Amino acid sequence: MHTRAIWGRLALVLLAVTAVAACSGVRPYENPRERNLAINVVTDPGSLFGGVDAAVDIYSVDDRCQPEYLGTVALQDPLVLVGLPPDRLSYLVFTFSSSAYLGSIRGSAAFEVLMAAKAGYRYEAEVRYIDDIYNVEILEKSPGARRGVEIPLRDLASCN
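In terms of the numbering used here, the sequence shown opens at residue 1 and continues consecutively.
Take these hints with a grain of salt, some might be off.
Cβ pair distances, simulated, as ranges [as the list claims (entries may be wrong)]:
# : residue 1 : residue 2 : range
1 : Val42     : Asp63     : 29 to 39 Å
2 : Ala100    : Asp63     : 42 to 52 Å
3 : Glu137    : Pro86     : 18 to 28 Å
Please keep in mind that the hints were generated in silico from the structure rather than gathered at the bench. Keep in mind it's a predicted model, so treat the numbers as computed, not measured. We put the beta carbon where it would ideally sit given N, CA and C, even for glycine.
Please take these sequences and the hints and turn them into a complete structure.
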């Protein structure tokens with residue numbers, strides 16, 4: 001009888017966790033376009049006592065500077081390819097969450113980029129979390145160019 005009660009409680013807890021995860025509002029970014037943004041992810045490998053999670057939330061921005069959430073891309077691999085719509089404003093929010101032992105959050109940071117990807121151009125982002133230092137840099141490369149121009153980090157308030 002005692003074992004059955006424990007299994008029943010465990011089932012309720014798992015059901016609750018699943019429901020919360022489903023309602024969290026995070027949805028995967030649909031990536032149907034040409035992938036014009038290469039995101040290089042460099043993070044501390046973590047340890048038994050903690051690690052870091054990185055993601056990018058992607059929004060389209062209309063003529064009135066109103067964002068529309070399109071989805072989230074988890075930055076779990078060293079290279080992640082993403083398609084941004086050309087000649088439209090996109091708002092990217094790179095987020096980092098570092099966790100300590102048993103999942104408690106040790107720190108977090110967010111970097112915002114308001115940009116308009118140009119047709120035919122390539123973009124390279126370097127997303128870093130090393131030694132408790134977070135950083136994001138994005139380069140814009142014109143067709144055939146070897147070097148890029150750095151895109152400044154701009155928040156949504158800078159939209160005109």
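**Prompt:** Can you list which hints this structure breaks, lowest number first?
**Reply:** none
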